[in-house]
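Asker: Given chain A, put chain Y in place with the hints provided.
Just so you know, the protein sequences line up as chains A and Y, in that order.
Reminder that position 155 of the first sequence reads as 155 in our numbering, one-by-one numbering, no gaps.
Reminder that position 222 of the second sequence reads as 1222 in our numbering, one-by-one numbering, no gaps.
Among the hints, erroneous ones may be present.
[What the hints assert, rightly or not] No more than 27 Å apart at the CA atoms, straight line, and that leaves these computed lysine-lysine pairs for BS3-like:
1. Lys170/A / Lys226/A
2. Lys1109/Y / Lys150/A
3. Lys150/A / Lys1091/Y
4. Lys1091/Y / Lys1118/Y
5. Lys1089/Y / Lys126/A
6. Lys155/A / Lys170/A
7. Lys90/A / Lys79/A
8. Lys1241/Y / Lys276/A
9. Lys1080/Y / Lys1118/Y
10. Lys125/A / Lys1118/Y
11. Lys125/A / Lys1114/Y
12. Lys398/A / Lys5/A
13. Lys1091/Y / Lys155/A
14. Lys126/A / Lys1010/Y
15. Lys126/A / Lys179/A
16. Lys125/A / Lys1241/Y
17. Lys373/A / Lys321/A
18. Lys126/A / Lys1109/Y
19. Lys1089/Y / Lys150/A
20. Lys1089/Y / Lys1114/Y
21. Lys1209/Y / Lys273/A
22. Lys1241/Y / Lys273/A
23. Lys1109/Y / Lys125/A
24. Lys239/A / Lys226/A
25. Lys1023/Y / Lys125/A
26. Lys1089/Y / Lys155/A
27. Lys1023/Y / Lys1089/Y
28. Lys1091/Y / Lys1010/Y
29. Lys334/A / Lys374/A
30. Lys255/A / Lys328/A
31. Lys373/A / Lys334/A
32. Lys276/A / Lys1209/Y
33. Lys75/A / Lys125/A
34. Lys334/A / Lys254/A
35. Lys1023/Y / Lys1114/Y
36. Lys1044/Y / Lys1023/Y
37. Lys150/A / Lys276/A
[Unchecked claim] Part of the chain A face toward chain Y, derived, beta carbon under 10 Å:
38. Ile24
39. Gly45
40. Arg152
Simulated from the structure, these hints should not be mistaken for laboratory data.
Built from N, CA and C at the ideal position, the CB exists for glycine as well.
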Amino acid sequence: MPNLKEILGQGFVLHRMNASIPDISSVSWTSFNTGVNPGEHGIYGFTDLSPHSYSLYFPNSRDVQAPTFWEILGKTSQKSSTLSQQYRKKIGRSYRSIILNVPHTYPAWPMNGILVSGFVSLDLKKATFPESAYPYLHSIHYLIDVEAEKAREDKGSFMRSLFECFEIRKKAISHLFEKESWDLFFACVTESDRLHHFFFEASEDERNPYYEPFIRFYTELDNFIKVLYEEFSRRSHGKGFFAILSDHGFAPVKKEVYLNRFLEEQGFLVLRKDGKFYERIDGRTRAFNMDPGRICLHDQDRYPRGAVRKEDRSNLLEDIKEALRNLKGENGEKVIDKIYEKEEIYNGPYSEMAPALVCLPNDGYDLKGSLEKKEIFGQNIFTGMHTWHDALCLLPEKIILPEKPFIQNLTEYVLQYYTE
Amino acid sequence: MDHLTRLENKSIYIIREAYYRFKDIAMLWSVGKDSTTLLWLCRKAFFGQVPFPIIHIDTGYKFPEMYRFRNERVKEWNLKLLIGRNEEKLKEGMGPGQGSKLDCCNELKTNALKMAIKKYHLKAILLGIRRDEHGIRAKERYFSPRDSQFKWDYENQPAELWDQYQSTVEEEEHFRIHPILHFTELDVWSYVKREGLPIVPLYFSRNGKRFRSIGCLPCCSPIDSNASTIDEIVEEIRTSKTSERSGRAQDKENIYTMQKLRALGYM
Chain A
1 MPNLKEILGQ
11 GFVLHRMNAS
21 IPDISSVSWT
31 SFNTGVNPGE
41 HGIYGFTDLS
51 PHSYSLYFPN
61 SRDVQAPTFW
71 EILGKTSQKS
81 STLSQQYRKK
91 IGRSYRSIIL
101 NVPHTYPAWP
111 MNGILVSGFV
121 SLDLKKATFP
131 ESAYPYLHSI
141 HYLIDVEAEK
151 AREDKGSFMR
161 SLFECFEIRK
171 KAISHLFEKE
181 SWDLFFACVT
191 ESDRLHHFFF
201 EASEDERNPY
211 YEPFIRFYTE
221 LDNFIKVLYE
231 EFSRRSHGKG
241 FFAILSDHGF
251 APVKKEVYLN
261 RFLEEQGFLV
271 LRKDGKFYER
281 IDGRTRAFNM
291 DPGRICLHDQ
301 DRYPRGAVRK
311 EDRSNLLEDI
321 KEALRNLKGE
331 NGEKVIDKIY
341 EKEEIYNGPY
351 SEMAPALVCL
361 PNDGYDLKGS
371 LEKKEIFGQN
381 IFTGMHTWHD
391 ALCLLPEKII
401 LPEKPFIQNL
411 TEYVLQYYTE
Chain Y
1001 MDHLTRLENK
1011 SIYIIREAYY
1021 RFKDIAMLWS
1031 VGKDSTTLLW
1041 LCRKAFFGQV
1051 PFPIIHIDTG
1061 YKFPEMYRFR
1071 NERVKEWNLK
1081 LLIGRNEEKL
1091 KEGMGPGQGS
1101 KLDCCNELKT
1111 NALKMAIKKY
1121 HLKAILLGIR
1131 RDEHGIRAKE
1141 RYFSPRDSQF
1151 KWDYENQPAE
1161 LWDQYQSTVE
1171 EEEHFRIHPI
1181 LHFTELDVWS
1191 YVKREGLPIV
1201 PLYFSRNGKR
1211 FRSIGCLPCC
1221 SPIDSNASTI
1231 DEIVEEIRTS
1241 KTSERSGRAQ
1251 DKENIYTMQK
1261 LRALGYM
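Chain A on its own, in the form it takes in the complex:
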């Protein structure tokens, strides 16, 4: 990526950082968007269970409990967080933002500027604020996302639609970047995530038919970064704030790991035949897993058939941790790298709803929450998996970061720029 390298030579530093825990896009981007941990913003995954039930619930932008940085800058939110309290008074006026394709911002909601939601958006109209921004998107046949369903049927045509999607993303980003007025511009390219999930193996093997498009994607991305950086420099006369970040890293998948099957084999989880998803949880269940590695205790005071009493929790947690530590993959290597209790990693008014434990795997072991599997280990169509420990960010060199920052630590530097 020669263009990125050139930018790095102009007063920027590339840092490694930690994604959110767990390291999936809805949580990681929400952590960046709000600058606080899940205990404050309330998003722990793409799925959750409705309170006091076993029914699956899909959190969306309405469930984010803390204000996003564009709301803090726009002064358009009644919500409050530790970060917003700190900056509310320091932000002098209402700044206008353009936010494009950021995951977990659906449905779009009122703000100062333009918001076009990213994954998991279902309907472009509902993904667009204000309504006046919709006709342009409609006119270019804007695509919210590449249809990942296609990858199962035909990888070649999936790769083609990935490029089409990237083209349209670039078109929309460039248009809004150049034609609209803004104080802050923030856009996400999500095609790189899809590329790694489905084609990671191609990146290291020149004989792979997808090697060429994989490399080409990055060349195009690099070119696009150059275009944006130059336009940014032109507008800001060298005084602006420019940053690039990723919400997690990637590693090749060795095996998918179905933790619910593991918990079943270890006797922590008992499933009934009837019902959908978590409705199958039987009264004898003591713990279950939700994507990716969120272990929940089947607490008596939280679930209708809950069996775990308060006084038994800490012993149970130790038993589960012990079992997880002993889970071995290929060649006897450990599957689980780190296990956190919720009190260690979350704090804030919404930490009560957090899973009791969150596991982070060693690279190559992709943790999954499926309840249907008969084996602990398996393979799927995916060849790349998220990693927690190697997200990255490119920041101006004058910013001194704490050693190995978390993604939510970055937000403050964005806000700071608007106080100077």
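Answerer: Below, chain Y without anything else, positioned relative to chain A:
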């Protein structure tokens, strides 16, 4: 006057009012219990002979029992039946197994209805929706305008006070009229019982299961129930706490979200 008679009178008043205002009108009949109740009320409003056509949006995926029931009633009640099908998409193989369920519903139901409205130059359609069905329907009006995009702007509806219904319509728009909006699920069953209305047998228990809400075969699942007569259904609903549409894959957004997440390996 008893409760059901009051409900019936109100519905009949709205049906007659609608027919008086719009001559280009039709009734949408899904063959389910609600729109069959509405159809019955339309017959009563016009002394047995419904003066406007009845539209059935046929996705091609309905239960065989529903097609049979439809054809029997058309004959028995001398109905003018129009069938709305999105032939083009059906030919392309659109169905619940192809693409997303949201697309399927969109093409085979919404767009099929759009086409029918255009084809038959309809200015208004009567629908059997009820206020207690779903949260969003609580805001519905008896006379509800839709624009050419089919959009319902519920924050900008004409006021509707008492029996003063607003029923003027712009070009390119159509009105949706909901004569049984005030019925509850329990009212419908009580009314079906009182009137001795024929009903699709899928609603009655077979082998411990029955359908509480019916639509397309692949997207409906039955509930556990032993209610095999109307009396037993009335009793079951009186005491039930779960929602009517719980067996219905109708929460399209959730299904669509699930599909998207699945495609990327979540869930």
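Asker: Checked against the structure, which of the hints given earlier come out wrong?
Answerer: 14, 16, 25, 27 and 28
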